[in-house]
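Enquirer: Chain A is fixed; fit chains B and C onto it per the hints.
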Amino acid sequence: MREHPPARRSRRTPVLVGALGSAALVLAACGDAEQNALDPAGPFSQAPQDLIIPVAWIALAVFIFVQGLIIFSVVRFRTRKDDDGSLPKQIHGNTRAEIVWTVVPAVILAAIAVPTVQGIFEVSGEPDDALTVEVIGHRWWFEYYYPDYDIYTANEMAIPVGTPVRLEMTAADLQRSADLGVIHSFWVPRLAGKQDLVPGQTTFLNVQADEPGRYLGQCAEYCGLSHANMRIRVEAYDDADFESWVAAQTTPATAPADGTLEAQGRELFHELGDGRLACASCHQVWEDGARSPGQGPDLTHLMSREEFAGAIHDMTEENLRQWLADPNSMKPMQYEVNGIGMPNLDLSDDELDALVAYMLSLE
Amino acid sequence: MSSTTTERTGYAGRPRQRDGFMGWITTTDHKKIGIMYFVTVLVFFTLGGLESGFIRWQLGQAEQSVLSEEVYNQFFTMHGITMVFLVVMPLSAAFFNYLIPLMIGARDVAFPRLNAFSYWGYLFGGLFLYSSFALGGAPNGSWVGYAPLSTDAVSNMAFYAVGINILGVSSLAAAINFIVTILNMRAPGMTFMRMPVFIWMALVTNFLLLFALPIIAVALFMLNLDAVFGTQFFEPATGGDPILYQHLFWLFGHPEVYIMILPAMGIISEILPVNSRKPLFGYAAVVFAGAAIGFIGFGVWAHHMFTSAIGPVARSAFALSTMFIAVPTGIKIFNWVFTMWGGKLRFNTPMLFSIGFVSMFTIGGLSGVTHAIVPHNAQQHDTYYVVAHFHYVLFGGALFGLIAGIYFWFPKVTGKLMDEKLGKLHFWTWLLGFNLTFGPMHMSGLLGQPRRTAVLPGELGSTVELYNLLSSVGYLVLFGSALVFLYNLIRSVKRGEASGDDPWDARTLEWITPSPTPYENFHAIPTVTHRDEFWHRKYAEDEAGRVVPVPAGASEDHDPAAEHDEHIHMPDPSYWPLVQTLGFLPFGYGLVFGNFWLIGLGLVWLVVGMYGWIIEPLAEGDDDDPDDHAPSSGARAAASAH
Amino acid sequence: MSTEAATTTLGIDHRKLGMWTFLGSEFLFFGAFVSAYLLYLDTTAGGPGVEIFDIPFTSISSFVLLMSSLTMVLAHHAHTQGDMRRMRLWILATAGQGAVFLGGQVFEFSVFVREGMALDTSPFASSFYVLTGFHGLHVFVGILLLCSLYALSLTGKVKPNQDLKTEMIGLYWHFVDIIWVIIFTVVYLIPEIAVIG
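Residue numbers (our numbering), protein chains in the order written: chain A, 1 to 363; chain B, 1001 to 1642; chain C, 2001 to 2197.
So that you can see chain A by itself, here it is in the shape it has in the complex:
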């Protein structure tokens, strides 16, 4: 995607470059940014917004007052051309003034403190009737598990509109990963503030979208090499669409018909030969039995997702092929060093054809 930014996102407005006035910029800011913290789309991002706006006005007032004082002093008390060289009156201080500028800021801050503390408890409590989604941060992609439906998916999280969603988050699953976990942070600004994911611990975050649509986010706690390539998408569906999404995701994949290229791909998926690691040793395509995902993303319904590789690449045949041929060229990873990320499997052209065909069949 570095080379081919998807059309959907390439809304560039070079006209803006001319408009250097900062006020104009601030206004323009709300226009095309889909990861905008100042454009809340649900109650858990609205609450902090409601707190910060009055504080911002107060800060602006203090800013104008203090800078005004500085500018006034600089202009009024500059040494004039006709100065007689005498020293000004030597003032050492004024106790009353000291008290004023101790007490007044303290009172302002106390006034801000009360709603802040209320707000802290408001956004952190567990909402009623929430849908639970378990979020697991891996290097460098997010995995989502829906305990109510036994669904595993990656990069893109589907949620129903208007329903609070309680995220139970941790970093890396120690049972199944070479990645013993580092700290990540889940941040979709339009839905909620961020919350860190800590290995070995569970943290919680409430999100809710009031309108259907796609909400962008990304990992916000530095997590090593490909931290910048660890994006988040939240797809908010209305109830009917969400139900059909659940129905599709809970259906197992069906094995392709014998003799097809896809079937060949499926075989390679499970057995690559020449001592090479098979795809299935890290990825699952669930056909029957219990779901048990491996170290990598669950691929059962790969084609239901629009993007892959930490949601930095569009799910196209061309991209998939390049990814399988040379993963590090699409996203820097460290498989050779510490087993994290996707290895280069030295696939031949025929193998690539078959595997890509199989991937494309995973609707």
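Derived from the structure by calculation, the hints contain no laboratory data. The beta-carbon is built from N, C-alpha and C at its ideal position, and this holds for glycine as well. Keep in mind that a hint or two might mislead.
[To be verified] Restraint ranges, calculated between C-beta atoms of paired labels, are given here:
| id | chain 1 | residue 1 | chain 2 | residue 2 | range |
| --- | --- | --- | --- | --- | --- |
| 1 | A | THR251 | B | GLN1061 | 28 to 34 Å |
| 2 | A | MET303 | B | LEU1050 | 52 to 58 Å |
| 3 | B | VAL1066 | A | VAL75 | 41 to 47 Å |
| 4 | A | SER281 | C | GLY2116 | 29 to 35 Å |
| 5 | B | LEU1042 | A | THR202 | 45 to 51 Å |
| 6 | B | TYR1611 | C | GLY2031 | 26 to 32 Å |
| 7 | B | PRO1312 | C | GLY2031 | 22 to 28 Å |
| 8 | A | ALA240 | B | GLN1064 | 37 to 43 Å |
| 9 | B | LEU1042 | A | PHE65 | 33 to 39 Å |
Expert: For chains B and C alone, coordinates are given in the frame of chain A:
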């Protein structure tokens, strides 16, 4: 110096030259050490600045890959480490070194060789960190070094843990040195409430270092041991708690913020009164506010962790303490503004930078208060909004103040003035470049750009991209401005206009002696009767605050007759601080690579160095023994050489 | 330089004030390690926990270390009296007791390792070894200082009127002892009692 008659008591002789290369590397003179700190800072500032240049180049356009992710991560990590530990802190140390003895009326610091040890520890710690580029890659785990990312060998963070610990030992030694110097070596009559504000802020800063450094040392030892020797402190697999690291780091890290800003606050508290031609407004309030900031600074650390795994009660408590610390900060700002109020302001370069400090720091302070709004902190945290905030505090604040200090005390050090025209060009371009670089970051952060990302995602939109472009253009302005400054420095050292002893009509003791400062600082130690002693020797003030000039003889110190009466006791140069600190290198590499031979070699080296040091007296002929020895002839010769 | 003591602002010798300042910093150093240890008291990852401690054994070695503070005081007293022979005797006694303590610690560590508690067994084990290990390192440095004092007083580098040097090393030594009292109580006794009770 001619110390041929002196009996030599140390091992391997001792250096005799006071000038030239040997004179520099064996010096124990606080002024020379201060200058060495300053020059070294310039080198590291250049490196850190170039690293940030690559960062701005990479982010100048969306989806750009000037650097690979790996190199980008190394650069932003080293940029942070460099600017914090190798630029701002040691630049403050340069001022402490040069000014503390002069401002309190002393001839040197309490432990001159320990002072040299601190400098060499700083230099070798910095070189050790930068040597990582040649030894498998620089640290790439960010300057906070959060576990367990940092315990992963691929993050090269062992270099960080060991390097910062070497710098920490050096800073701790310096802190003890400066605390003892300030508490114990003040000129007669200089009570606490007569000390210059800079000295007060130095005292608070060094106490902060004294209590904060051991905590980061522990955190870094744990990190080092986890990364290299298999301990389990932060290993989630066996129940280790990564959040413990964050607590320890920020218990140091927040006081560290004040460690960086308080010296600059001290500096402008000296410059504003001199150039407003008025005493500091509310001396006691400024001093107590500084001390209060120091105290409260230890109680706000978890506000760096509001989005981490801490509960709502802790979040509330730290939100309150964070808001509370804004009060003493506000007190300082108002006192500075009212120092200018009613004065006759002179807008020389130091004054401009000082006013710039007050103005820019206010912006950083206000955005700091918004961090305390915890629910919204979750939006701001780890975005470019935070990057903007702390650059307004540390660049617009600390660095502006420190640069003001450079222009202000340059004549003290060199006897020459820095060029005012270039200085003003430097100031205005610096102010413009600074705001252009960091102002837009407030917005790009709120619009969704996280920090520490090697890629500016195109999906953030064209506005964010534009803000980033502006920041990158701002960097170019700053770069040009820095060149002007550097040129001005070099030019002024070579052929700056002679300044005279007291170019600013200043107020404090350091200006009582000739500029540049003579080797022994003061021919006779002054007796202090007032706060702003020097001013009171030049002017008197009646009850109503009207100024009455004091006739003639501004300084008693120029009286050549004083020289003969006094036995001036100065420390001699020594090889040992340099020799000993070299031992940090094998010790450090041993810790990084888990090599016990190197660790052993380093330890033996350090211990042997210590013995050389202990056995060698501070000054030749001085055996800590007051009864049997005449004053050192060497020191006397040195003193009369001036 | 002892003349300086009379002329210092606070009337205390620089070196003594410096040592006090340094020890203030050291308290936080150990404080941070002790906090980590307390946090990890139960984090044994299936390995041995506090029940592994042999309280009677450690009590004896702690007692030896405590007694060394007494001999340190006697050494300093002898030095102030100018009695260098006796001062050296007490210095040797202090260093010897320190060495006994260190030997006890090495023995204790080796027993624990044989019982399955290595440095990398668990966060509990790591924090125990690193905390007590750093204390042991401080004792070792103290012994080095004492031996140096002994040797330098033999060669005449430390003179009878320089009792400040003995006092400084004494300050350090007492500090190391006090830290051990805290460690013994917080690391060994209280958790062990809590487990038994």
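Enquirer: What are the numbers of the hints that this structure violates, sorted from low to high?
Expert: 1, 2
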